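Spelled out, the chains give:
Number of protein chains: 2
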Amino acid sequence: MCELLGMSANTPTDICFSFSGLMERGGRTGPHRDGWGIVFYEGRGARAFHDPNPSAQSPLANWVKDYPIKSQIVISHIRQANVGATSLENTHPFQRELWGRSFSFAHNGQVPDVKKKPLQFYLPIGDTDSEHAFCWILDQLRKRFPTRPDSPQQWLPLVASVSRQLAELGVFNMLLSDGEVLLSFCSTKLCWLTRQAPFNHASLKDTELTVNFAKETTDQDKVTIIATEPLTADESWQAYSSGEFRAFLHGTSIFESSADEPQR
Amino acid sequence: MCELLGMSANTPTDICFSFSGLMERGGRTGPHRDGWGIVFYEGRGARAFHDPNPSAQSPLANWVKDYPIKSQIVISHIRQANVGATSLENTHPFQRELWGRSFSFAHNGQVPDVKKKPLQFYLPIGDTDSEHAFCWILDQLRKRFPTRPDSPQQWLPLVASVSRQLAELGVFNMLLSDGEVLLSFCSTKLCWLTRQAPFNHASLKDTELTVNFAKETTDQDKVTIIATEPLTADESWQAYSSGEFRAFLHGTSIFESSADEPQR
Chain F
-15 MCELLGMSAN
-5 TPTDICFSFS
5 GLMERGGRTG
15 PHRDGWGIVF
25 YEGRGARAFH
35 DPNPSAQSPL
45 ANWVKDYPIK
55 SQIVISHIRQ
65 ANVGATSLEN
75 THPFQRELWG
85 RSFSFAHNGQ
95 VPDVKKKPLQ
105 FYLPIGDTDS
115 EHAFCWILDQ
125 LRKRFPTRPD
135 SPQQWLPLVA
145 SVSRQLAELG
155 VFNMLLSDGE
165 VLLSFCSTKL
175 CWLTRQAPFN
185 HASLKDTELT
195 VNFAKETTDQ
205 DKVTIIATEP
215 LTADESWQAY
225 SSGEFRAFLH
235 GTSIFESSAD
245 EPQR
Chain Y
-15 MCELLGMSAN
-5 TPTDICFSFS
5 GLMERGGRTG
15 PHRDGWGIVF
25 YEGRGARAFH
35 DPNPSAQSPL
45 ANWVKDYPIK
55 SQIVISHIRQ
65 ANVGATSLEN
75 THPFQRELWG
85 RSFSFAHNGQ
95 VPDVKKKPLQ
105 FYLPIGDTDS
115 EHAFCWILDQ
125 LRKRFPTRPD
135 SPQQWLPLVA
145 SVSRQLAELG
155 VFNMLLSDGE
165 VLLSFCSTKL
175 CWLTRQAPFN
185 HASLKDTELT
195 VNFAKETTDQ
205 DKVTIIATEP
215 LTADESWQAY
225 SSGEFRAFLH
235 GTSIFESSAD
245 EPQR
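Protein chains in written order, with my numbering: chain F, -15 to 248; chain Y, -15 to 248.
These are computed hints drawn from the structure, not numbers from a lab.
It is possible that some hints are incorrect.
Copies of the same chain look alike in the list, so a pair counts if it fits in one copy or across any two.
Claimed, not checked - As a list, the in silico SDA-like pairs of lysine to any residue whose alpha-carbon atoms are at most 25 Å apart:
#, residue 1, residue 2
1, Lys54, Ser71
2, Lys101, Gly29
3, Lys100, Gly29
4, Lys99, Asp134
5, Lys99, Thr(-5)
6, Lys54, Ser242
7, Lys49, Pro130
8, Lys189, Pro102
9, Lys54, Asp111
For clarity, every value in this text was computed on a predicted model and none was experimentally measured.
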């Protein structure tokens, strides 16, 4: 298994605190030794860092941890390899362009039979089932919407629907973004919380680090964090249910659907 | 104008020395203050760093300069903005997937009318003429070769031909790679050199740094560097002629064509 970390915020925010916790799980407090990656969106651009080495020992991870890159959307992933060798091309998040936007995707789980699904526009560069699943999702979006819809509300239901199809093939927890919205789907394990005023202290579970968000933020700030497991000990994380899809814009949940709702 | 730097080597090689020289030109010895980027290939994977800040003052550039990432193909670019704002999405090298390979592209010059060329499969994320040109080149490759040809020799002449068409629109010096071959085209200014045994000392022109390659290499190493302007004072750089196209595999020039040859 792997671990996911996502952020959606209404103001450029650094993720150093949460990233510090996640990186500890890459070989120190967790077994995810097979690489890590992170994508920071800045406007329509995306800044990605990938390293097939364990994050807990990675000089690059240390650099990213200490350097406050401010972003409104972040997707990060630490990997424990199941399918595919430990190599740079198999390191999440994966990225592709659709509709003139940079899409990023990270996956936790295994959906080996996804490789039987034929691909049309997008091909994997590495050999993971995860990248194949990402290419297949983008293929479905591109076929249904050859040009970019006016509003994310138009294409979000399709991602919810194809995520549910993929979850039938195995375990499929994922984060996806086009740089505007942050999409999330839970097959087995994912949780989230929104930090907003009044802000409090928070302490990481994986390393001795406490932050007083009241000193770091303004009253208008709204920051949602999504993670495989709660990263802090003293905040109220909400668990996703199995089959729950949720999309965030500027830190606010703007679309949700669950497994027992009729497909839209 | 901008400056380009490329490397093709027969063994994983760090580019710290040449990159150090280039980065000085990003706001210290040169006027290229509008961002920089670099892509390192490792197998089929590509590790990219982009920063819209001047390279000479960039903490990320310092990190990359000091951390020996070993690669067989590198493409780097420092930017002085002409078309498009100074932003992450306008920072070269640009990347797209074609044939299940990660393609990277960096451009020096201006070809504003390229934006009149319609695009089919690939769309720009930012608003530079350079990224539009890259998308158009990949469109031509994809239309002519829907699947990956067995040998680069099959598709290299098409890139030479479309590069010449783009050079008719203005100034078009470029570097392009699929992670296997490094392609280069010179419209106005580009030079290259190959370092191989017997190795000697080399001194950067832009900062006080000398390296003794004899101590850093083996007799089998072959490393070709391509740059807008010579980076060292004591090596024999060969200037490209206008309209010259050249492709390198493992540091060796495997394909060349010049403006006065009949189109193949």
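#### Entry: Structure-inconsistent hints, enumerated in ascending order
Result: hints 5, 6, 7, 8 break, sorted rising.
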